Amino acid sequence: MNEEIGRQAIRKLEPGKLVIASHNPGKVREIAALLGPHGLDVLSAAELGLPEPDETGTTFIANAELKARAAADLSGFPALADDSGLCVDALGGEPGIFSARWAGPNKDFRDAMRLVEQNLERVGPDIGRDAHFICALSLAWPDGHIESFEGRVDGVLVWPPRGDRGFGYDPMFKPNGFDITFGEMDPEAKHRMSHRADAFAQLVAAVL
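Residue 1 is where the sequence shown starts when you use our numbering, and the numbers rise one by one after that.
What the hints contain is simulated information worked out from the structure, not anything from laboratory work.
Just so you know, not all the hints are guaranteed correct.
[Claimed, not checked] With a cut-off of at most 20 Å between alpha-carbon atoms, the simulated SDA-like pairs for lysine to any residue come out as follows: (1) K107 to P95; (2) K17 to G76; (3) K17 to A90; (4) K17 to G163; (5) K107 to V28; (6) K107 to G163; (7) K107 to C87; (8) K107 to T56; (9) K17 to P142; (10) K12 to L34; (11) K107 to N24; (12) K17 to D198; (13) K17 to W159; (14) K12 to G163; (15) K12 to N24; (16) K107 to N119; (17) K107 to D54.
Treat the numbers as computed from the prediction; the structure is a model and nothing was measured.
Please model the complete structure; the sequences and the hints are all you need to start from.
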């Protein structure tokens, strides 16, 4: 759990409607699957026609909180937002909070993965390929109360990308201890050990 976040005033989430503050279908599917056992009526920001706020934060948690607050305020329901990204050690942590922007206006993550690989090649052929995914989850209520959690999973990058499961950078990320990428992994297996699962386990323990 991120130590920056105050833990004194945990608020429990009651059964009812919950907005997933994302327009990314892959993220919505993963978060909805994780929420499945908890008796919540899940809606997406896209279903409700909510706009996507500008992500002006400088950290994953800041952007997650910005999106969660906006969706809760506009919908009148509690809202859960995710901000996540790929951090590559040899690139100084890039693309990081700009992971989605590296995919361009068409959100083409094949281009984003190619850009990561090209940047690694510029650094040098013998450079390390260690990387990690970060996921910040923020849960906001319409009255402004918010709880935030951050998860992480470490691994290495492969090239060319492998597998057509998951989304985003999953096909080029091989988590430590596994011989397959997130793009090759069964979704249920990924749900048990991903950065999002780590953050979600913290959220469940705290508010559900």
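Outcome of the hint check:
Distance hint between K107 and P95 is fulfilled; the C-alpha atoms sit about 14 Å from each other, no more than 20 Å. For the hint pairing K17 with G76, the CA-to-CA distance comes to about 10 Å; that is within 20 Å, so the pair holds. For the suggested pair K17 and A90, the alpha carbons sit about 42 Å apart, so the restraint of at most 20 Å is broken. A C-alpha spacing of about 34 Å is found between K17 and G163, which places the hinted pair above 20 Å, so the restraint is violated.
For the hint pairing K107 with V28, the CA-to-CA distance comes to about 15 Å; that is within 20 Å, so the pair holds. A distance of roughly 18 Å separates the Cα atoms of K107 and G163; the hinted pair therefore holds under the 20 Å criterion. For the suggested pair K107 and C87, the alpha carbons sit about 18 Å apart, so the restraint of at most 20 Å is met. At roughly 18 Å between alpha-carbon atoms, K107 and T56 fall within 20 Å of each other, so this suggested pair holds.
Between K17 and P142 the CA atoms are separated by roughly 12 Å; this keeps the pair inside 20 Å, and the hint holds. Between K12 and L34 the alpha-carbon distance is near 17 Å, which keeps this suggested pair within the 20 Å criterion. Proximity of K107 to N24 is assessed by CA-CA distance (about 10 Å); at most 20 Å being required, the pair is judged to hold. For the hint pairing K17 with D198, the CA-to-CA distance comes to about 23 Å; that exceeds 20 Å, so the pair is violated.
Among the hinted pairs, K17 with W159 is inconsistent with the structure: their alpha-carbon atoms are about 41 Å apart, more than 20 Å. For the hint linking K12 to G163, the alpha-carbon distance of about 38 Å lies beyond 20 Å, and the restraint is violated. Our distance criterion of 20 Å between C-alpha atoms is broken by K12 and N24, whose separation comes to about 26 Å. Distance check on the hinted pair: K107 and N119 sit about 19 Å apart at the alpha-carbon level, within 20 Å; holds.
For the given pair, K107 sits about 16 Å from D54 by alpha-carbon distance, which is consistent with the 20 Å threshold.
When held up to the earlier numbered hints, the structure conflicts with 3, 4, 12, 13, 14 and 15 and fits the remainder.
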